[in-house]
Amino acid sequence: MSQDTKRLSLILLFAPFALWIVLLILLPHIGMVVLSLREKVAPRVYEFGFGNYVDFMNEPIYWNTLMRTGSMSLLVTVLALLIGFPVAYYIAKIAGKRSRGALFLMCLIPLWVSDLIRAFGWILLLRETGVVSSLLVWSGMTDEGIEFLYNDVTVVVGLVYTVILFMIVPLVSTLDGMGDDMIEAGYNLGGNSLTVLRRIIIPYAMPGIVAGCIVVFMLTSGSYLTPILLGGKNSSWFTEQIYDQFITRFNWESGAAFGILLLAFTSLVVWLGLRLSGQSLANTVART
Amino acid sequence: MTDADTYDLECTGISKDFGSFRAVDDVSFRIPSGTFFSILGPSGCGKTTLMRMIAGFEDPTAGDVCIKGKSVLSVPPNKRNVKMVFQHLALFPMMDVYENIAYGLRCAGATKDEIASKVADVLERVALPDLARREIHQLSGGQKQRIAIARCMALNPDVLLLDEPLGALDLKLREAMKIELKLLQHQFDTTFVYITHDQSEALVMSDYVAVMNAGRFEQVGRPEELYHAPQTAFVAGFVGDSNRWTGRAVEVRSDGIKVETDAGLTVIAMAHGNEQVVEGQAVELFVRPEFISATKPGTPDSDLPADNSYTGTVDGVLFNGANSRVLVRGPAGDLIEADVVVTGGADDLREGDPVRLHWARAQSMCFAS
Chain A
38 MSQDTKRLSL
48 ILLFAPFALW
58 IVLLILLPHI
68 GMVVLSLREK
78 VAPRVYEFGF
88 GNYVDFMNEP
98 IYWNTLMRTG
108 SMSLLVTVLA
118 LLIGFPVAYY
128 IAKIAGKRSR
138 GALFLMCLIP
148 LWVSDLIRAF
158 GWILLLRETG
168 VVSSLLVWSG
178 MTDEGIEFLY
188 NDVTVVVGLV
198 YTVILFMIVP
208 LVSTLDGMGD
218 DMIEAGYNLG
228 GNSLTVLRRI
238 IIPYAMPGIV
248 AGCIVVFMLT
258 SGSYLTPILL
268 GGKNSSWFTE
278 QIYDQFITRF
288 NWESGAAFGI
298 LLLAFTSLVV
308 WLGLRLSGQS
318 LANTVART
Chain B
30 MTDADTYDLE
40 CTGISKDFGS
50 FRAVDDVSFR
60 IPSGTFFSIL
70 GPSGCGKTTL
80 MRMIAGFEDP
90 TAGDVCIKGK
100 SVLSVPPNKR
110 NVKMVFQHLA
120 LFPMMDVYEN
130 IAYGLRCAGA
140 TKDEIASKVA
150 DVLERVALPD
160 LARREIHQLS
170 GGQKQRIAIA
180 RCMALNPDVL
190 LLDEPLGALD
200 LKLREAMKIE
210 LKLLQHQFDT
220 TFVYITHDQS
230 EALVMSDYVA
240 VMNAGRFEQV
250 GRPEELYHAP
260 QTAFVAGFVG
270 DSNRWTGRAV
280 EVRSDGIKVE
290 TDAGLTVIAM
300 AHGNEQVVEG
310 QAVELFVRPE
320 FISATKPGTP
330 DSDLPADNSY
340 TGTVDGVLFN
350 GANSRVLVRG
360 PAGDLIEADV
370 VVTGGADDLR
380 EGDPVRLHWA
390 RAQSMCFAS
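Chains A and B, in that order, give the protein sequences.
In terms of this note's numbering, the first sequence is residues 38 to 325.
In terms of this note's numbering, the second sequence is residues 30 to 398.
So here's chain A without its partners, still in its complex pose (with noise of 0.2 Å):
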């Protein structure tokens, strides 16, 4: 009797997680590799074949695009990473008990209010009429107003601002699992500021810097409404690409194929990035 009613929880316990990845993870996914596997040989008749993966190989503007988005995705990681770090260090270690939650606070404030208010914030600021370029011309540095909208460089900002938080928040955990005994330890057994950093700190971070590291880029290169709205139509994001199969010109089965060479990609950028670090994914991701 009560093995059932334990069996029975169980599995009512599970059935959400179970369905939750079947039905929107698995499934979904399934549709879109026998969606992009359909090539189109004539109006409405399809037959199985790689077209759409080739014509995806022999033009270099989604090749480049791809790659594009890949590097562009590295460098918000990677500035994420270098500003996050300090701030995180900062919650974790530096700062005390008590301001330590408001701080944390303050860092989670900005997810309330949704990516789309928060692109349009930017907007405000940096437009040719916005709040920074009007503050140039009225202090006299330049004439005219300059549009700051639309180049790379708002495009990283934006992006970078956008996902820190979750870059911060898995460092500020493993930070605050590393005892101040550590880095005093670092100190007593002869090391410099910088040893400590690089010999303790960083390597007991690891998991966290990882995990981080992932989640940033994952977010990153999936975004859309940042890349859009603050790179315009230059800013070649790929995910504007699929947007543009899907519903500019219909063509699901290319679209499939590219929503699934960009999972593809950032997979195995993430699993080479797992590789080069000595981690792996159940010490870094699923501990946090």
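Everything labelled a hint here was simulated from the structure, so no lab data went into it.
Since the structure is predicted, the reported quantities are computational estimates derived from the model, not experimental observations.
Beta carbons are placed, not taken as given, at the ideal position from N, Cα and C, and that holds for glycine.
Check before you lean on any hint, since a few could be wrong.
Claimed, not checked - Estimated spans, in silico, between C-beta atoms of each pair:
| hint | chain 1 | residue 1 | chain 2 | residue 2 | range |
| --- | --- | --- | --- | --- | --- |
| 1 | B | Leu-347 | A | Leu-50 | 48 to 54 Å |
| 2 | A | Phe-141 | B | Leu-347 | 50 to 56 Å |
| 3 | B | Ser-49 | A | Gly-216 | 24 to 30 Å |
| 4 | B | His-117 | A | Thr-166 | 56 to 62 Å |
| 5 | A | Gly-216 | B | Ala-137 | 21 to 27 Å |
| 6 | A | Gly-216 | B | Lys-201 | 23 to 29 Å |
Claimed, not checked - Over the 10 Å line for every Cβ pair with chain B, so calculated as not near, a few chain A residues:
| hint | residue |
| --- | --- |
| 7 | Glu-76 |
| 8 | Met-94 |
| 9 | Leu-309 |
Said to hold, decoys possible - Here are some, though not all, of the chain B residues that point toward chain A, as calculated from beta-carbon distances under 8 Å:
| hint | residue |
| --- | --- |
| 10 | Asn-107 |
| 11 | Lys-112 |
| 12 | Tyr-132 |
| 13 | Cys-136 |
| 14 | Ala-137 |
| 15 | Leu-184 |
Chain A is fixed; fit chain B onto it per the hints.
For chain B alone, kept in the frame of chain A given last:
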């Protein structure tokens, strides 16, 4: 030979304030080379702060710290030749045993060959030669302990600080590690400064013990001095077990003091400590249980000390092997603890038995309070 050669560590008048709270208050001491020096005190007495000042993690508000005769106040922690075994050891979990030990040697700029030979050598000396490539989480508690010491000793420190490193171990292992630490100290022939709140650790291992309370050193001395000739009531109460009574000195003579305890017991005692006891003064009285002999009435007691002699009844027997004890309800109604030998035979004291207690006046330590 100058002073600088004989004293590895010397602190003069060091104090540390945290805001308005004085954690360490004008502490001075000198530790001769190659001794095992313990700082014993209850938690919060400032002993960890004192150690952190020696290691350089805190700056003293006043006073000076000298290592091998040279002031180190302006020397940052990573340049001081004082190594520290942390309370939770602080071994680096992302490195294996070899790398943990090699870390300090690398910081000191040793070559690869030097590192390899020194690590092998120090592992040999802590009797763990095969553990070099073991990960930290694979070690037992006692092994971690020894690796933490080896990691410091590989750097040939002038002084090794140990901050209650046995606290996290279970009792059996702690007992074994006490002896082992003493042996290691002998073997390395380095000055150890050991911080603890456990008086038995301090007594067993140390050459000298400083008893610390509320930021000050109450007394510094050999373990047996602290035990038998405490200078203050705090030391008498903190080091070893005692029957402790408060009372009043009713008669002060050169060969003893007659004290009436609050419960009404009259005890002949000897004055201890620096403060004079005058008639009518409030005093604290300490008598160690092992100096009280408890006998059945009728046993010939001619060879027993006669200064203090009382009749009572056994209220309870606390059996603990060789450290067994009886609780005796004395004539004034208060409980007195006395050590007894429990043989398991018919002569043993049992609950409810009448009993006679004796102890010498020299064993009742009286302090002005």
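Going through the hints against the structure:
no. : hint                                 : in the structure
1   : B:Leu-347 with A:Leu-50: 48 to 54 Å  : 52 Å, holds
2   : A:Phe-141 with B:Leu-347: 50 to 56 Å : 52 Å, holds
3   : B:Ser-49 with A:Gly-216: 24 to 30 Å  : 28 Å, holds
4   : B:His-117 with A:Thr-166: 56 to 62 Å : 59 Å, holds
5   : A:Gly-216 with B:Ala-137: 21 to 27 Å : 24 Å, holds
6   : A:Gly-216 with B:Lys-201: 23 to 29 Å : 26 Å, holds
7   : Glu-76                               : 51 Å, holds
8   : Met-94                               : 42 Å, holds
9   : Leu-309                              : 21 Å, holds
10  : Asn-107                              : 5 Å, holds
11  : Lys-112                              : 6 Å, holds
12  : Tyr-132                              : 6 Å, holds
13  : Cys-136                              : 4 Å, holds
14  : Ala-137                              : 5 Å, holds
15  : Leu-184                              : 7 Å, holds
Violated hints: none; the structure is consistent with every hint.
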